[in-house]
Structures are given as structure tokens and as C-alpha cells.
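Colleague: Add chain S to chain W, keeping to what the hints say.
Number of protein chains: 2
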Amino acid sequence: MYRSTVPALTLASFLALPALAEEVSTFTLDNGMEVVVIEDHRAPVAVNMVWYRIGAADEPPGRSGIAHFLEHLMFKGTGQLAPGEFSATVELNGGMDNAFTGQDYTAYYQRVAADRLDRMMEMEADRMTGLILTDEVVLPERDVILEERNQRVENDPGALFSEQRAAAQYLNHPYRIPIIGWRHEMAALTRQDALDFYGEYYAPNNAVLVVAGDVDPDTVLEMAETHFGPIAANPDLRARIRPSEPPQIAERRVMFEDPRIAQPHVMRSYLAPERNPGAQGEAAALVFLSELLGGSSASSLMGRELEFNEKTALYTSAYYDGVALDPTTFSLIVVPVPGRSLAEAEADLDRMIARFLEQGVDADLFERLKSQIRAQEIYRKDNLQGLAQIYGEALASGLGVADVQAWPDILQSVTPEDVMAAAGRLFDRRHAVTGYYDRPAEAAPETIR
Amino acid sequence: MYRSTVPALTLASFLALPALAEEVSTFTLDNGMEVVVIEDHRAPVAVNMVWYRIGAADEPPGRSGIAHFLEHLMFKGTGQLAPGEFSATVELNGGMDNAFTGQDYTAYYQRVAADRLDRMMEMEADRMTGLILTDEVVLPERDVILEERNQRVENDPGALFSEQRAAAQYLNHPYRIPIIGWRHEMAALTRQDALDFYGEYYAPNNAVLVVAGDVDPDTVLEMAETHFGPIAANPDLRARIRPSEPPQIAERRVMFEDPRIAQPHVMRSYLAPERNPGAQGEAAALVFLSELLGGSSASSLMGRELEFNEKTALYTSAYYDGVALDPTTFSLIVVPVPGRSLAEAEADLDRMIARFLEQGVDADLFERLKSQIRAQEIYRKDNLQGLAQIYGEALASGLGVADVQAWPDILQSVTPEDVMAAAGRLFDRRHAVTGYYDRPAEAAPETIR
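So the protein lines, in turn, are chains W and S. Taking the working numbering, I'd label the letters of the first sequence as residues 10 to 458. Taking the working numbering, I'd label the letters of the second sequence as residues 10 to 458.
Chain W on its own, in the form it takes in the complex (with noise of 0.2 Å):
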């Protein structure tokens, strides 16, 4: 077991904002497995999360959507608990729980009264290796995630749309394969499957237990090594290497239609850097070009251009997450007025990039944005399970938690010049997706059926 006790990050120094600082304790059990405390004392209640490091990405060819699947799975029952026990009995404690899963995680929570932390913690060690799978439990669930896929997916043209352009993005890396699965391949998932996949990556030494609350963080060890330190390690545990992308030397172009679509729109999204252990300054200098471009419309570039200016929009907005194992991306979104076209719309997203790299950043507006970014950062992080995901997802992810508490520092510090440069990296059309979502045209000359 390793110790160690990061100190607390020092937020008073921000102007005008509750200050909240967060007091982070983080152990490694003997068999590997990580535990992150968080000490908030403001209410007697606790959010108990566990995350593996394993998600859709990590899926063997042709089985996508297992990750998920064992997710759904996860809830039917070990030797100790009945199929459905583990929920109820979190429910007659008074709390809630769910689950998630990522390309690159998969987590399962409780939220419980403090008090109650021993037992969900006692039920999510009994699960970690306990899961009893018959096909009496698996076939019915099977039928449950393809129903998800139906009202997620398959009856919602934007997902749709959505997993078509991830699969033009990458020409190699799993990020192309939907989380939830490709239907065809959730249809022909097997209890073997997902005892695989349980058995390969349901491990200590692939999980991390963050626990948030009103807790003290040596109690919480010794719960967690009272529940999972019997729990033997995998030692044959696989890195977690995916296949990586080839240079992308081609721009590709999605044109999806459904007549369902109600707000024709394009989409541009450009491979982009992911936020790495001690190397995050590009990620954080693109949170501030997604802001500076697509943010809040009254300040952002598009927003005051297209929306209120110029009046070709309806809407407009730019996303950018960095927390991936993986490179991510970095997506541009215009909705045209009516009337306006598709290529119209696109040659306004680009004439907006050009201006962008052409004017720079103003530097009042760049000092307003550190200002609402340091903000955001802290509402973020202003309840229990908002920080128990922000750490969970960011140890999943490959960072450490020094890498989570040194992210608002790092975001302070960006400066215009390097958003300029990162903006310049980063719109490059050979990595980029552009996608036309629209309506089919009636009898349009371009369709043959």
C-alpha cells in the first residue's frame, strides 16, 4: 500500500468566487488497485465510484458494444446478491446508483448517506469478480441494450449522424466504432463474451476507487482494503495499447440525410490533441479557442458574426473536450437560417476560421474568458459527484491527480499566442470531418433510390 497526500489546491486567489478547495487523498492498495479521497464535509453524504480502466475502445474486433453490455450485466447478481439486489439495495438505503460507460472507462457510483459507504463498498468488491452470468440473465439483457440502441440511436438522426462522422474521423483507432455498439454486433454478444471481457479487465489493478464526501480518507482505506484488498490482482492484465491513426492526408466529407431531420446544419470536426500526464497546454489553449470561436454567442466569434451580425445563423458552437487516452476532436457546429444551404453555412464556418486566424484574439475579450473559464472550472467541481467524476474520469483517461489539480493553473496561464499557434496546428482540412446533416431534397437528381 502507497500513500501519498496531494495538498490542497489553493483557489482562494480567485476574484469574486466561493472559494473551494478540494483536500485529495490518494492510496494504492497492494494489489494495485488506486483510491482517490475526497474530503468534502458541507453535507453527511458520500458518493462511493468504482472505474475500470476499460472501455468500447478497448472491445476485440466485431464484439463493439461489450463494454456496455457487461455494464448493463454488472447488476445481475454474484453469489451474495440476487439479480437486481444490488440497486434495491441501495435504494433501501436511501440512496441512488447508476452506471456509465466511455471509450475509455467504465464507472459505476452510489450516492448514499455517508454512513452507508461500507456496505455499497462491500457490494462493489462482491462484483468486481463475483458476477454470476447464466443466459436466463443475459439473453432478456441483450434485448435491453439493442431497445437502447432503437431510442438512442437508431430513432435519433443526430446520433446517427454522429456515429457515421466518427467512423469517416479515424481511419484506424476504435474511437470510429460507436460505445454503444454497431446493432448487427450487439445482436450476436454472447454470455461468453462478457465473461471474457469481465475476466480480462475486472481487476483491482484496473480500477480506481474514488470516494467523495464526508469521509475521512483513512477510514476509507481501511474499507477498501477490508473489501477489495482480498481481491488477487491480473497479473496477465494487457497495457492498454489501441491501434493508432496513420497520418490523415485527406479531407473526408459526410453527407448524411434523414427525413426526420427538422435542422439542417454542418459539422466540422478536426482530429485534435487529447490532454496528457504533465503535457495538457495545448489541450487548455483549445478550451480557450472553442470559446473564443463557438462559446457563449454574444462574445464568441461565430456567435456575434453569423448570429447577430450578419444574421446567417440560427446557431453556432465549437466543442472541445480533452479528456481522452486517446487524440479526440475538436468540432465546429453551423446552423444556417432558412433558406441559407448546407454549403453556404460551411463557407461561413470557414470564412470564420480565416478571419480568426487572420485578426488574433482580442486581448479584453481573452482576460473575460480566463475570467468565466476559472468560474467554470469551480461551479464544475461544486458537488460530490461532479468532483468524484472529474478525478475518476481524468485516472481512466491516463492522467494522474496531479495533472487533474494543476488543469485550472494551466488554463490560466494560456495566453493568445498560444491559442494562435494551437489554431494553427489544428485546422488543418486533411484531418478534418465535414458533415452535411439535411433533409432529403424531394426527388433530389443525386439519389438513385
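Hints listed in this document are in silico derivations from the structure and should not be mistaken for laboratory results. The structure displayed is predicted, hence computed values, not measured ones. All C-beta atoms in this analysis are idealised placements derived from N, C-alpha and C, irrespective of residue type, glycine included. Among the hints, erroneous ones may be present.
Stated by the list, open to error - Computed from the model, here is a short list of chain S residues facing chain W with C-beta under 7 Å:
| id | residue |
| --- | --- |
| 1 | P70 |
| 2 | G71 |
| 3 | Q173 |
| 4 | L180 |
| 5 | P252 |
| 6 | A259 |
| 7 | E260 |
| 8 | R261 |
| 9 | R262 |
| 10 | V263 |
| 11 | F265 |
What the hints assert, rightly or not - From chain W, some residues computed to sit far from chain S (all C-beta separations above 12 Å):
| id | residue |
| --- | --- |
| 12 | E32 |
| 13 | G41 |
| 14 | A91 |
| 15 | P92 |
| 16 | G93 |
| 17 | T98 |
| 18 | I141 |
| 19 | E231 |
| 20 | A271 |
| 21 | G287 |
| 22 | S350 |
| 23 | Q368 |
| 24 | R377 |
| 25 | D412 |
| 26 | I419 |
Modeller: Chain S only, in chain W's frame:
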């Protein structure tokens, strides 16, 4: 051992063309190895081919290029032959040898005087399981394949374009990955990767021996039993199941620019069905479709209209080859005359497709095409290596001897209605990739850097 002698295919009815009836015998050794013998006594030579049912599309994730790398390493020696001695022996015997790798197969062949066949088979059997690999031979050969990629791909913008289009064509299936491999993955291939791939897939129950020439089937069978018979089958050989495509629901476009490009053009490829055992009719119709749209310039629609009448294109063509384990592509190319843009060339292409669907097939032209295709099929078989290639490729791609032999008649039975129906199913833009292959414009506004 299982034996069946397939009756000779009678081509004697083909008008005015030399009848070429190949006499084909097939056997299966006890260890599962298939043997195909094609008698051709016109000259005292023989072609000896070993086809492995393993290709680039069967590679593990992140190990692209290993099938082709192993093909190179198969010349590196065994307990009986020193590195390089295989080819030297073939040469000393007055023969020539080589090998090639596809998405669906890896094949090795020698062309020798018929009385040297026994020695060739002995050597092939030896290297099926007796390959010895040391870092001393593996690492320099990795430099060789990297240099091969330099010459064949990096120095050829057309090859780079083809790679980028394939990656956009397949959302999930490994045909998206180049046979030679992505450079960064090739550079990381190891001796162990080669040994793993070899140990798993090089086995008699994953191989087809094809011998064509001045040979007697029973004698060939005896030789095969002598040399390959003692090799044990791999009982753990896995079924050949690759990740398959989800519904393709959005058209993709790839914009490739390279200053080395001499002849800008537009290529359109549609996902297309492959030839399947007992179900080759759709593929046969697509062979006709490719000829009707983009065959020899004088008679095809695109050639006649775009090259000769309108003079808007320098060159047009269509391409389809149905021999593949999984769905393949049907592609069209238009090279516009100087001064005509790629967007105009694409509009020309679409206009031709629309016209074809509207006007249908000219009956006279169709009859002439039938004769041409009949002749092509015969000429393709008019040399030993071509014959062995046809059978080997088909058998490694999921077809059987009966399918190969039925193919000419299936082609001859295609009707204009079959072609129109196949075209109607094929030309769905949601299944298509449109590629622009262009020189970069000077200071093009859309090119940021």
C-alpha cells in the same frame, strides 16, 4: 483423403474461339489440406501454388502488414534450407518463384519443368511449419517492407488516395486497412508477431495446393501425401469471421490533394456484393454493368458519351471484381479534360449513371458484350499460371471448384433485366465514397496550412 473428379467444362460450343477444357481433379488430404490438379499437357511445365486462407483482413488489430511481412519471411529458411536457399534452389532448377498477399489470402508459387514438381512440393511442405525466424533475419526484412511501402505507396499519390478511400468505404470491416499495412504499425512489427501469425494460420487445414500443368493427378496426389500428409492439422484453427459492416447510411467524400498529381480525376466507389458459393448471379450482372458503363471506350456509355461525343473526359472507366470473401466495391472513374473541374466531372459521372438507369441496356451491344466476356474468360485461362491463379484465388476466397466452373455459364446467362436490377440495388449514394484526386490550388482559401 477425399477425392472427386469434376467433369471437364465444355467450352467447345464457344463460337470461333479455341476450346479450352481444363481437366480438374480435387482431393482432400486427411489433415484437411485441399489439393486441386489442373491438367494441361501442352508443354512439359508445371505451376505449384500453395494458397493459405489468411490475408491482410485477418490480421490482429494494430498489426497491419503482418500477413505480407510473413510472406517475405517465408523465404528466410528452415531447418533444411538456409535463408534465400528456397528461391536459389528454384532458380538452379531452371524455374522461377514468387509470392503475394491479398486481403483474403497469401500465396506462394513456383513455375518449373514438370519433373521438378516433387522437389518444389517438398520445399513448400518444409516451410509450412518449419520456418526458423531470428531477429537477424526479421529486422532487416522489416526495413525491406518499409522500403516497399515507400516505393509503392508513399511515392505514389494514387496509392495514397486509394488507401484513404478504402478507409472511408468501410466503417467496420478490415478491408479498410491497406494490405501492406499502415507505416507506423509495420515499423513496430516483431519476430513474435510473425511467429504468432504463422503458428496460428499456417497449417494444412488452412491451405490449398493448386498444381497446374503437364502432370498426372494421381501422381500429384501421391507427392502431396508424401510431403504435406505428415503435417498435423491445427485443431485450434479459428473460423474466418471478420467484423462486418453496419448499414452504410451516409455518403462519404474524400478530398485528396497532392502536388505530385499529374491527372486530377474523380472516383466513385459503391459497396458491392461479392461472388458467393452457389450465388454468383448478382456478381455476374455487375461484371456486365462495369463493361456497359466503363468498359472499352468505343462501346461503353461513359467512353462513348464523355470521351467521344461531349469530349469532356480524357478517360473513363469502371471496375468490379467479385472474387472476395466479403463485400467488395464497384468503382467508376472520370478524368476530365483540362479546364474542367472535378465537380463538373462528378456531375458528368452522375449524369451517365442516371442516363443508364433511364435508358437501359442496348440489346445489340449486350450481345456483343457477351461474346467479349466469353472470350475474356477463355483468354484468362490460356496459360498455366492464370489457371492456377483462378482456382487458388477462388478457393481461398470462399468459393469452390464448382463455382469457378459454373462462372462462365453464369456470365452467359445474365440478362439485361438482371443488369438493370443489380444497378438499381448498387447505385445507392449512402453506400458510396466519392474521391477527388487533385493538385492543390495555389493559396486555396479552404486550405489553412
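Colleague: Which of the stated hints cannot be reconciled with the structure, identified by number in ascending sequence?
Modeller: none
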